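Please model the entire structure based on the sequences and the hints provided.
Sequences listed follow chains X and Y, in order. Okay, so the first sequence: first residue is 1 according to this note's numbering, each after it adds one. Okay, so the second sequence: first residue is 321 according to this note's numbering, each after it adds one.
No wet-lab data here; the hints were simulated from the structure. Predicted, not measured: the structure shown is a model, and the values here were computed from it. A few of these clues could be false.
Computed from the model, here is a short list of chain X residues facing chain Y with C-beta under 7 Å [as the list claims (entries may be wrong)]:
| id | residue |
| --- | --- |
| 1 | ASN46 |
| 2 | VAL50 |
| 3 | GLY160 |
| 4 | THR184 |
| 5 | ARG198 |
| 6 | ASP200 |
Computed list of lysine-lysine pairs in DSS-like fashion (alpha-carbon distance at most 27 Å, straight line) [as the list claims (entries may be wrong)]:
| id | chain 1 | residue 1 | chain 2 | residue 2 |
| --- | --- | --- | --- | --- |
| 7 | X | LYS316 | X | LYS125 |
| 8 | X | LYS314 | X | LYS146 |
| 9 | Y | LYS614 | X | LYS140 |
| 10 | Y | LYS454 | X | LYS288 |
| 11 | X | LYS140 | Y | LYS788 |
| 12 | X | LYS288 | X | LYS275 |
| 13 | Y | LYS483 | Y | LYS614 |
| 14 | X | LYS314 | X | LYS116 |
| 15 | X | LYS287 | X | LYS275 |
| 16 | Y | LYS614 | Y | LYS543 |
| 17 | X | LYS287 | Y | LYS454 |
| 18 | X | LYS275 | X | LYS57 |
Cβ atoms here follow ideal geometry from the backbone N, Cα and C, with glycine treated the same way.
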Amino acid sequence: MNSRVTRRRFVLTAGAARSLLAADADFPARNIDFIIPKAPGGGFDNLVRVIAPALEKYLPHKVNVVPDNIPAGGGGKGIGQLYRARPDGYTIGAVDLPGSFILQERQGGAGFDLNKISWLCAMGKPEYFCLAVGANSPLKSFDDLKALSGTRAVKFTSSGPEGTAYAATVVGANLLGVRAQLITGYKGSSDFVVGAIRGDGDAVIAPVTSIRPMQQSRTVRILATFEPRGSFAGVPDAAALGQPELSRILLDRLVGAPPGLPAGIKTILSAAFAKTMADSRTVDLAKKFEVDLAPNSADQATARVRESAAFYGKWKKVLS
Amino acid sequence: MLHLWLGGVEGLLQARELLFLGLGMLIGLFFGAIPGLGGATALALLTPLTYGLDSFTALALAGGVMGAVPMGGSISAILLNAPGSAPSAATCLDGHPLAQQGKAGLALGAAASANAIGGIIGTVSVLAILPIAKDLVLLFGPPELFLLAVLGLIVVSTASRGKMLRGLIAGVFGLMISFIGYNDVTGVLRFTAGIAYLWDGVHLVPALIGLFAVAEMINLSVKGGAIAKDAKTVGITSVTSGLLETFRHWRTVLRGSLIGTVVGAIPGVGGTVASFLSYSLTVQASADPESFGKGNIQGVIAPEAAINAKDCSCLIPTLAFGVPGGVEMAVFMGLLVLHGMQPGPLMLIDHQVEIYGLIWALTGSCVLASFLGLLVARPLSLLTLIDSQILVPVVTAVALVGSYAVDRNIGNVLVTAIFGILGYVMIRFDYPRLTMVVALVLGAAAERNFHQTTMMSDGNLSVYFHRKVCLVLLAGMAALLIAPFFRGFRKFRGLPK
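And the structure:
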């Protein structure tokens with residue numbers, strides 16, 4: 001093979017490099033599509049809509065970041081669309097874990113591989129789950145729930161089988177040694193928490209952020225929290241329950257781009273996201289619905305995907 | 321309580337808030353009138369623009385949009401048989417036949433006044449029930465929602481008198497279509513034929529645009545002439561008569577408003593059910609049911625009153641629990657969050673003045689939009705005199721573009737075209753589109769709630785007999801099924817109807 005650098009080859013290579021650099025320098029030159037693989041109105045959708053206007057502020061050029069809800073197939077269609085989009089930085093998307101792992105496992109046809117997505121950042125710190133019942137429930141403590149489990153399966157209201165809450169409920173109940181039967185099909189966390197309050201099921205396992213406002217308004221009673229150090233007075237946490245693994249059941253909301261995203265564009269987007277996560281107004285707004293935003297990097301997001309994959313990989317059989 | 325109501329009014333009666341309310345009203349009218357756009361699209365586009373506004377001003381703008389969308393939808397439904405949004409499809413059924421008879425002014429006048437009165441009744445009802453809102457929302461679980469869906473299907477089936485068999489065929493076809501896509505309960509994709517577009521089922525708004533607007537345009541191009549071709553002049557002077565008709569049929573207005581209020585307060589049911597249920601129950605209650613679908617003014621008044629009453633009451637599940645009643649409310653929730661208001665039980669405590677301000681904004685916009693609707697009814701009625709050679713291409717293009725705009729998906733355009741042909745075939749062979757639409761709307765919800773009820777009760781059907789609301793709904797179903805026999809008996813005995 002001739003390895004001699006000819007003038008022609010040099011000019012061609014330099015030209016290609018220059019156009020790539022120019023593409024990075026020009027980025028973004030048009031609107032960015034922000035795919036949300038969930039229906040409008042849920043916590044996930046709300047978070048993206050809070051972040052999107054701030055993100056526009058921190059991009060090097062003035063463009064719009066346009067949220068685009070693609071909830072079909074339990075979110076599989078949206079993530080598949082993100083995965084197959086051109087890796088030019090103009091399509092990014094929000095992905096929740098662990099629900100998306102189950103989607104990937106069950107909907108092979110959706111054709112995406114979470115390990116290959118170019119991760120940009122995490123939208124907030126990972127969230128812990130907790131176990132709650134309606135305020136009028138006869139179950140007053142976790143011991144009551146365990147006792148019920150001894151007589152029959154405890155009914156939990158939850159999302160569809162490809163939702164993050166479904167995974168948290170199945171794994172959480174398993175770790176707690178509670179026999180569980182899931183009432184599925186609720187649309188979003190508000191819907192299945194209300195289902196438990198109404199008495200459709202005995203209890204619910206949901207993110208702390210969804211439950212806390214309900215607890216403050218005395219609509220629900222929290223029986224157990226999966227936090228390593230509980231934030232609810234008098235409620236047993238993961239340590240007190242003797243199951244530290246419970247605190248590994250986390251809800252992650254990550255932002256990714258199609259595989260093969262050029263490094264320059266990835267850096268621009270990650271930097272803009274890091275600034276957005278530190279933007280005081282955005283942080284305040286997110287805090288109002290209990291999400292803790294904090295600056296984080298693309299590497300940290302990628303590490304979260306690996307950790308989540310390792311933990312839920314152990315439960316693959318139960319979940320699918 | 322009164323000081324909170326007044327606080328809401330006071331907040332709204334500022335120059336800036338009134339300006340944004342008016343702006344929202346105009347945007348709502350426009351987006352409501354264009355098939356496929358609707359309130360959800362308007363709010364989605366406006367939400368980022370409200371980032372710099374204070375929360376009360378943003379709520380005035382959103383209230384203005386949501387209050388005016390139904391009036392915009394009525395205009396296109398009546399004049400062009402093109403529902404601006406899904407709930408307005410019920411208005412097409414009698415509103416457009418009136419336009420064809422040269423009575424567009426009458427229909428628009430009745431729609432505007434029913435809109436305004438329905439909105440006001442809805443507001444009064446919501447103000448009365450807001451303190452007990454949470455209890456009301458919690459009354460409706462999966463068993464009740466399943467029975468409500470079945471009740472809706474029974475109401476519509478029994479309303480299609482004289483063509484019951486064809487109604488049932490259309491209904492069953494609608495149910496089959498509604499089962500396409502992702503099953504929320506089992507997580508399984510069904511009947512999608514490997515087409516990714518169908519993962520989310522057949523989208524309702526593009527289907528309705530096809531079934532009504534495109535079907536009507538095909539019909540018009542086959543027949544030729546104008547929409548009101550049989551009328552020498554359009555009855556534009558009858559706008560005032562339409563207004564009076566609404567007062568004459570005050571029972572229909574009241575019934576529609578109450579149905580709208582109750583259905584709106586039930587999470588996840590939505591305005592389409594409210595408008596079609598109100599329409600069908602009005603047909604049921606009428607002494608002359610055969611006149612519906614041919615231009616009965618009550619067929620305009622009933623759905624219009626329900627749609628606007630629903631607009632206020634569907635705030636209840638949205639604000640009390642963060643469970644939206646439809647797509648428009650879901651997008652509206654995003655706007656609330658952007659302004660630091662998290663829908664849920666605490667919102668009813670922490671943001672009471674804002675909530676009342678929003679309710680007044682909705683009502684104000686609804687009344688103002690109706691007034692504006694009355695003003696423009698006369699010139700707009702002239703649309704029905706335009707020849708089909710000009711009207712058909714324009715309306716078809718607007719319908720297809722509107723269908724695409726729902727979620728910027730080219731698949732929607734194909735769905736609209738297919739349903740357009742289907743709708744024309746149904747017109748041609750006199751199959752009722754009403755039963756098909758209601759089955760399309762209710763099918764998936766009925767299935768999901770049935771599955772959930774079965775899981776709740778371990779398959780024990782007696783759950784339906786142990787819950788008070790279920791018993792009321794079952795009694796309603798029994799009454800609806802017995803009523804035709806009772807009527808037949810009275811007819812046989814020669815007794816008055």
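Going through the hints against the structure:
With a least beta-carbon distance of about 4 Å to chain Y, the hint placing ASN46(X) at the interface is held under the 7 Å criterion. With a least beta-carbon distance of about 6 Å to chain Y, the hint placing VAL50(X) at the interface is held under the 7 Å criterion. For GLY160(X), the shortest C-beta to C-beta distance to chain Y is roughly 5 Å, which falls under 7 Å, so the interface hint holds. Satisfaction of the interface hint for THR184(X) is found here, the shortest Cβ-Cβ separation to chain Y being roughly 5 Å, below the 7 Å cut-off.
The beta carbon of ARG198(X) is positioned within 7 Å of a beta carbon in chain Y (closest approach about 5 Å), and the interface hint is therefore held. Among the interface hints, the one on ASP200(X) holds; its C-beta lies about 5 Å from the nearest C-beta in chain Y, closer than the 7 Å criterion. This hinted pair checks out: LYS316(X) and LYS125(X) have alpha carbons roughly 24 Å apart, not beyond 27 Å. Proximity of LYS314(X) to LYS146(X) is assessed by CA-CA distance (about 24 Å); at most 27 Å being required, the pair is judged to hold.
Of the supplied pair hints, the one linking LYS614(Y) and LYS140(X) is violated, its CA atoms being roughly 60 Å apart against a limit of 27 Å. For the suggested pair LYS454(Y) and LYS288(X), the alpha carbons sit about 22 Å apart, so the restraint of at most 27 Å is met. Only pairs whose Cα atoms come within 27 Å are accepted, and LYS140(X) paired with LYS788(Y) is accepted, the gap being roughly 26 Å. Straight-line distance between C-alpha atoms of LYS288(X) and LYS275(X) comes to about 19 Å, which keeps the hinted pair within the 27 Å bound.
Between the alpha carbons of LYS483(Y) and LYS614(Y) the distance comes to roughly 14 Å, so the proposed pair stays at or under 27 Å and holds. Among the hinted pairs, LYS314(X) with LYS116(X) is consistent with the structure: their alpha-carbon atoms are about 20 Å apart, no more than 27 Å. Of the pairs offered as hints, the one joining LYS287(X) and LYS275(X) holds, with about 16 Å between alpha carbons and a cut-off of 27 Å not exceeded. At roughly 17 Å between alpha-carbon atoms, LYS614(Y) and LYS543(Y) fall within 27 Å of each other, so this suggested pair holds.
Only pairs whose Cα atoms come within 27 Å are accepted, and LYS287(X) paired with LYS454(Y) is accepted, the gap being roughly 25 Å. For the suggested pair LYS275(X) and LYS57(X), the alpha carbons sit about 9 Å apart, so the restraint of at most 27 Å is met.
The structure shown violates just one earlier hint, number 9.
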